[in-house]
Amino acid sequence: GENVEQHPSTLSVQEGDSAVIKCTYSDSASNYFPWYKQELGKRPQLIIDIRSNVGEKKDQRIAVTLNKTAKHFSLHITETQPEDSAVYFCAARGKTGNTPLVFGKGTRLSVIA
Amino acid sequence: GAVVSQHPSWVICKSGTSVKIECRSLDFQATTMFWYRQFPKQSLMLMATSNEGSKATYEQGVEKDKFLINHASLTLSTLTVTSAHPEDSSFYICSARETGGGNNEQFFGPGTRLTVL
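As given, the protein sequences belong to chains X and E, one line each in that order.
For the first sequence, counting from 1, position 88 maps to 88 in this note's numbering; every step adds exactly one.
For the second sequence, counting from 1, position 4 maps to 4 in this note's numbering; every step adds exactly one.
Watch out, some of these pointers could steer you wrong.
Said to hold, decoys possible - Simulated coverage check for chain E against chain X, where a stretch passes if three residues somewhere in it have a Cβ under 8 Å from a Cβ of chain X: (1) 39-46; (2) 68-78; (3) 106-117.
Hints are computed from structural coordinates only; laboratory data are not their basis.
Ideal placement from N, C-alpha and C gives every residue a C-beta, glycine not left out.
The whole structure should be built from the sequences, with the hints applied where relevant.
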């Protein structure tokens with residue numbers, strides 16, 4: 001089955017700096033790669049996703065890049081703000097409709113004002 | 001976006017009792033729903049895939065007789081934790097995708113925090 005590795009486990013940045021979180025996946029059949037932000041005690045919230053037919057996607061301060069050959073994808077947050085502080089999870093999933101998302105272990109991001 | 005609800009949002013029970021958690025897709029139909037468990041400061045771990053009208057598929061290490069899943073309709077899946085013990089205390093989150101939907105997005109419920117005394 002799919003295995004997703006995520007690094008780093010914790011990340012501290014100064015407000016205004018950029019943050020980068022990296023993930024690798026094992027199943028070459030996976031074709032959907034979402035990123036979630038989770039605040040304490042709440043459900044994961046989708047912040048951006050990318051499909052395998054796209055190499056990069058951007059939404060304001062957030063971008064995701066995908067390298068299918070290397071089987072890795074990354075989240076980039078620019079101009080970080082204190083409210084970006086949370087736990088971020090990457091995930092991967094295969095093609096079929098009943099294939100579940102497999103999550104990375106998460107990255108705790110702290111943005112220091 | 002589509003909405004998934006869970007009930008209850010939190011529950012405290014005594015060791016040895018059973019607890020049922022409901023997961024509903026409010027504005028879409030979901031042939032398949034997923035149940036995850038999240039321990040403090042850890043990731044979401046898939047427990048089982050719930051299929052409407054058929055048996056659930058459990059992940060390795062998850063006891064099917066302890067975590068009973070019923071997916072009786074296209075909008076409701078239930079997870080029953082039988083004979084709960086303190087080690088079952090966790091945050092349980094369900095998730096669903098719209099049946100036949102072209103969007104890949106998987107929608108999450110708000111979670112149920114279970115505390116077993």
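Open item on the list: Under 8 Å between beta-carbons, do enough residues of the stretch 39-46 of chain E, three at least, approach chain X for the coverage claim to hold?
Closed with: holds (count 5)
TODO: Please count how many residues of the stretch 106-117 of chain E have a CB within 8 Å of a CB from chain X and say whether that reaches 3.
DONE: holds (count 6)
- [ ] Between the stretch 68-78 of chain E and chain X, see if three or more residues pass the 8 Å beta-carbon test, and mark the coverage as holds or violated.
- [x] violated (count 0)
In the structure shown, a violation is registered for the earlier hint numbered 2 alone.
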